[in-house]
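Once you've looked at the hints, dock chain A against the given chain X.
There are 2 protein chains.
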Amino acid sequence: MTGEVEGGARVVITNLRPRLDCGRYRVKAIEGDHFEVTADIVRDGPDLLQASLRYRSPSAGWADAPMSHLGNDSWAGGFRPNAPGIWHYTVQAWTDHFATWRRDLFKRVDAGQAVDLELQEGALLLEKRLGAVPVEKRKVVQAAIDALQAPAELRGWDDPRAAAAVDESVAAIMAGHPDRAEAATFQPALELNVERVRARFGAWYEFFPRSTGTDTEHGTFATAAERLSAIAGMGFDVVYLPPIHPIGRTHRKGKNNALEAEPDDVGSPWAIGSEEGGHTAVDPKLGSIDDFDLFVGRARQVGLEVALDFAIQCSPDHPWATEHPEWFHHRPDGTIKYAENPPKKYQDIYPINFATEDRVALWNELKKVLEFWISHGVEIFRVDNPHTKSFPFWEWVIDEIRAQHPNVIFLAEAFTRPKVMGVLAKLGFSQSYTYFTWRNTKFELVEYMNELVHSDMVLYFRPNFFTNTQDILHEYLQQGGPPAFKIRLVLAALLSPSYGVYSGYELFERVAVHEGSEEYLDSEKYELRPRDFGAPDSLIPFIKLVNEVRRQNAAAAELTNLRWHEVDNEAIVAWSKAAPGEQPLLVVLNLNPSGWEEATLHLDLGALGAGEEQPFEVYDIVKDTSYVWSGRSQYVALDSTDDPAHIFLVKA
Amino acid sequence: MTGEVEGGARVVITNLRPRLDCGRYRVKAIEGDHFEVTADIVRDGPDLLQASLRYRSPSAGWADAPMSHLGNDSWAGGFRPNAPGIWHYTVQAWTDHFATWRRDLFKRVDAGQAVDLELQEGALLLEKRLGAVPVEKRKVVQAAIDALQAPAELRGWDDPRAAAAVDESVAAIMAGHPDRAEAATFQPALELNVERVRARFGAWYEFFPRSTGTDTEHGTFATAAERLSAIAGMGFDVVYLPPIHPIGRTHRKGKNNALEAEPDDVGSPWAIGSEEGGHTAVDPKLGSIDDFDLFVGRARQVGLEVALDFAIQCSPDHPWATEHPEWFHHRPDGTIKYAENPPKKYQDIYPINFATEDRVALWNELKKVLEFWISHGVEIFRVDNPHTKSFPFWEWVIDEIRAQHPNVIFLAEAFTRPKVMGVLAKLGFSQSYTYFTWRNTKFELVEYMNELVHSDMVLYFRPNFFTNTQDILHEYLQQGGPPAFKIRLVLAALLSPSYGVYSGYELFERVAVHEGSEEYLDSEKYELRPRDFGAPDSLIPFIKLVNEVRRQNAAAAELTNLRWHEVDNEAIVAWSKAAPGEQPLLVVLNLNPSGWEEATLHLDLGALGAGEEQPFEVYDIVKDTSYVWSGRSQYVALDSTDDPAHIFLVKA
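These protein sequence lines map, in sequence, to chains X and A.
Each residue of the first sequence is one higher than the one before, counting from 1 in the working numbering.
Each residue of the second sequence is one higher than the one before, counting from 1 in the working numbering.
FYI, nobody ran anything at the bench for these hints, they're computed from the structure.
Remember, it's a predicted structure, so these values are computed and weren't measured experimentally.
There could be a bad hint or two in this list.
It does not matter which identical chain is meant; a pair holds if it fits inside one copy or across any two.
List time: in silico SDA-like cross-link candidates among lysine to any residue, alpha-carbon distance up to 25 angstroms [said to hold, decoys possible]:
id: 1; residue 1: K128; residue 2: H330
id: 2; residue 1: K368; residue 2: T388
id: 3; residue 1: K419; residue 2: C22
id: 4; residue 1: K255; residue 2: E451
id: 5; residue 1: K344; residue 2: G112
id: 6; residue 1: K139; residue 2: I540
id: 7; residue 1: K419; residue 2: A65
id: 8; residue 1: K128; residue 2: A355
id: 9; residue 1: K139; residue 2: D604
id: 10; residue 1: K107; residue 2: S59
id: 11; residue 1: K345; residue 2: R155
id: 12; residue 1: K419; residue 2: V133
id: 13; residue 1: K544; residue 2: S375
id: 14; residue 1: K345; residue 2: N256
id: 15; residue 1: K344; residue 2: D167
id: 16; residue 1: K139; residue 2: P263
id: 17; residue 1: K419; residue 2: T441
id: 18; residue 1: K139; residue 2: A164
id: 19; residue 1: K651; residue 2: P580
id: 20; residue 1: K623; residue 2: A571
So here's chain X without its partners, still in its complex pose (with noise of 0.2 angstroms):
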């Protein structure tokens, strides 16, 4: 029997929460939130309880946070988990024997009944926690004792004894130095797991180093620097680099995934590994690891971090594929085993068997991995399809790396089917890419949001909403044209607290391998694609406004605090944020690329602190214009050719 209370059974406690799958995952929280526990807690018989939260941080010792009666038996308490790690949390609740023998002997006196005993037992339940007062105290509790043993001749509140018995200043030290030898503790305590801001809010900004050369000079390192203030510049937090390691030649990928590559084809930098290294190397094309970290330290000089993706996986010719044959699955045959999803075979990838005999040694050696870039200064990791991997090894590698490297974010890349998605993110990975990029209209977008912010998902699940990426092009980018890039910005920048756009995105780059496909034509996968980012007419000054509002206004940081507004037209979206002591955020969209849309908005106007009465002024970040509203309903039209968003300061 799980979650028993051990101890003074006398006490239940039930029904804490947050808690996951019984205390089987943690909850997951950001350093410096407050976080809110609550439980049922009920004894036998008429006597009056008292309930603590205790907590624990990584590095200390139990701490107290007191718990309210809520009401219906529910109680309440929180704390501010104030540094990143695996805190503990239970509750723990007890009988208040001198609070109870107080609130009675209030009614025993209000009946005029005879005390004498009862005041007697007062002296007696004193006494004995006179030794747990601290001795400044000591003197009150001492002299109360003095005055309910003292002999007296009145009845009622008129005996000098009542008054001294119900006396606040005691019952204050007696409730501040409770007796919780009979406690009840819900056991076994839950794990809260508490990471840094940017597990939850940032923007990401993915490119290939390689394509920062020319049409004909291979990218490094030091060209990819050049682009990093620009990237700032635009009001990104994060940079994501597809794999860096030495790229195997057998079975290399040619352009737009040809089976054959021609000679100077550049392969995918997801074919990890040649005789130039693996996983710890860099492709000797891009630089040294010196300038690797000459890279990271120019990133975080204009503010960005680096994340790189930690794809597990092998080229033939990578150096474990001849070190240790015994870490890859095999046919009959003998021969290594390449990817495959029958029928379809990438003879490129050898997958790792996580499950090997040698398991030990392998898993090991892929933390050495993580902790080998983490050395070089890199603590975002975003996970290459972890759902064809390990769970064990998923919640293993994250503990292991999270209890020295607190810091460490995993982000995983795992399109796949939701509770699937889930079992990651409850093994420990910080945030998850998601099916944003197919949820495009205003029902699809509602009924998904809901899903993430109305449910239990909440605990563990943090949203990355990609606009795009290397490997999905959506449809409603390749038709929609430049309006479906500022819609699905604003969608994803405002929506969710993490979100990413790919390199590209800001050209309007739109053309697919084919009609119907989602695969870019002339995927960067395969090939250098250096860019022009002076073009005129791009997205440039729209994402910096947009990172500009997320930076300005700590509700763009949240995710749970979203509300919708009504409006009658489903092809605009209406919704607000809200934080304390800011004004409200309240983005009105519309949807439809190609052009002009109206509609009336009903407001909720309780979510933006408006009144129905009073009229307030809303100030639009986009067109710099402000408007003064009355009431809930208010017109809209928006040309999505011309600004598809309004992006309110609500000043109510």
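Then chain A, alone, in the frame of chain X:
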């Protein structure tokens, strides 16, 4: 971390339901019911899974019931516990390597790929399992192995080996004899508390044996036994007797709860114990223990079970007060504490100190009390005020008793806060008194029933709806007169599978001790109340009819099959209950005891098995009349001074 999956953790089992407070408490079920279990099951990678619901009866080893995939990684399976006692259940899941191989082979052969190595892999998979396959099936498997290993020239489905590979009979054998070596099993297994049908379904009748004499003569077990066939004739299943033990003299309460008793006052049966004995003695005025045995035997003959009161409290004259003063609470002057609810004092009652140092002896003595009455044929205990006793005691004693006597049923008489009532149910009480008496309007009734039927309470809380008790005569009955008695009977008996009435209900007894009180005038708790059950115009024929409906319709024996039907009048309520293979019951009830109400019913035709187009017959059991209805909207009119209810059988 609790509920962890052991072994092959690549398979993750979560969200196993039903589960109560993470397994801290047992889910309840009734013998013979289908018990359904669901779980979310996923693994990393694309391999196929199989899952099994594992269960264990109190007396046998583990058995398996297959689980099937419902979609979205949710699986379900069930079994039918066929004996009362503690059962166990869990979920096991494993990778089905052969099925995965077979699925992939289909795709490869379809694509015309060379599959020589894959066929070898298949042969190896079959060989590995050959020893686990029953001897009589091995020939089939060996033939498949031979076929897979034969040389072949052809490709695709022309290859004779391909046909052997996907042979259905081989697939069925492999599925039926899976390799569970790496199976994941949800741990720890959960416990299921299975009880006999009476724990959910029964009609109770409470009466005081001592009132079966005359105005001047104290009733006895012998005179009480004479009432039994009439009670059975009304269709009741259980007779519940208030305490039958010797009654204390000290501070005995007089008629109408007078502080001082007259010499011939009989006292309250709940002031248990005198020099004539305590909890295992019978009041000599009622007869001997042999007389009690005869009473129980007579009850059994007419199809009635006897339920006894289990009230753990003592009169000051109880033998324990002198033999075991340490089992009680004490005041500072050394005297035993009487019961109090400050400022009220109950000097005729000593409560027990369950936390006494001598609690091992005390608890075992209390257990022996139950065992004593069980040895005299009692298998149902109505427990007096269990919430003022000890939670851990109840959990312990119910467990101890039911381990030896799995047919024993405990009814909690806990009129207290909802979560305290919930904890008692979770600790093991089979059923509970409820707030039903105070739910009189349609709004109140619907809200309360929905809480009982559509919340997690269905896992552990079984209601017993009493129309009245010796303590509760609701204002609705006091003022509503005979129609109110009919209305409340229909509600109690046809909303809740268990219900009860307290003697005198059939005679419409409804005079309170004073206005605003729920206590009876001349309460039977303090005096003899011989009654004339032959009075004309009693409720007896109607009780008989309603109990007959309950017995004839399995639908009435269940709680969760309740469905409401819309009625456009707040004074009329309509519900139905259906059971497989039966005509559904439809009740339409006028809640206004003072007369006539009419309304339009808007039926949930689906719940009645009726169609929108096809006319259907409804037979009113009360009026012995049939109607033909068509469509969901039907006019009804009910005069509560005549018959407040239609009780229809729906012949759709």
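Hint check results:
{"no.": "1", "hint": "K128 to H330", "verdict": "between (73 angstroms within a copy, 17 angstroms between copies)"}
{"no.": "2", "hint": "K368 to T388", "verdict": "within (20 angstroms within a copy, 60 angstroms between copies)"}
{"no.": "3", "hint": "K419 to C22", "verdict": "both (17 angstroms within a copy, 20 angstroms between copies)"}
{"no.": "4", "hint": "K255 to E451", "verdict": "neither (39 angstroms within a copy, 63 angstroms between copies)"}
{"no.": "5", "hint": "K344 to G112", "verdict": "between (90 angstroms within a copy, 12 angstroms between copies)"}
{"no.": "6", "hint": "K139 to I540", "verdict": "neither (71 angstroms within a copy, 71 angstroms between copies)"}
{"no.": "7", "hint": "K419 to A65", "verdict": "between (35 angstroms within a copy, 24 angstroms between copies)"}
{"no.": "8", "hint": "K128 to A355", "verdict": "between (60 angstroms within a copy, 18 angstroms between copies)"}
{"no.": "9", "hint": "K139 to D604", "verdict": "neither (57 angstroms within a copy, 72 angstroms between copies)"}
{"no.": "10", "hint": "K107 to S59", "verdict": "neither (47 angstroms within a copy, 54 angstroms between copies)"}
{"no.": "11", "hint": "K345 to R155", "verdict": "between (95 angstroms within a copy, 18 angstroms between copies)"}
{"no.": "12", "hint": "K419 to V133", "verdict": "neither (52 angstroms within a copy, 34 angstroms between copies)"}
{"no.": "13", "hint": "K544 to S375", "verdict": "neither (32 angstroms within a copy, 84 angstroms between copies)"}
{"no.": "14", "hint": "K345 to N256", "verdict": "within (16 angstroms within a copy, 90 angstroms between copies)"}
{"no.": "15", "hint": "K344 to D167", "verdict": "between (81 angstroms within a copy, 24 angstroms between copies)"}
{"no.": "16", "hint": "K139 to P263", "verdict": "neither (91 angstroms within a copy, 55 angstroms between copies)"}
{"no.": "17", "hint": "K419 to T441", "verdict": "within (23 angstroms within a copy, 44 angstroms between copies)"}
{"no.": "18", "hint": "K139 to A164", "verdict": "within (13 angstroms within a copy, 92 angstroms between copies)"}
{"no.": "19", "hint": "K651 to P580", "verdict": "within (13 angstroms within a copy, 61 angstroms between copies)"}
{"no.": "20", "hint": "K623 to A571", "verdict": "within (21 angstroms within a copy, 59 angstroms between copies)"}
Of the numbered hints stated above, those contradicted by the structure are hints 4, 6, 9, 10, 12, 13, 16, listed in ascending order.
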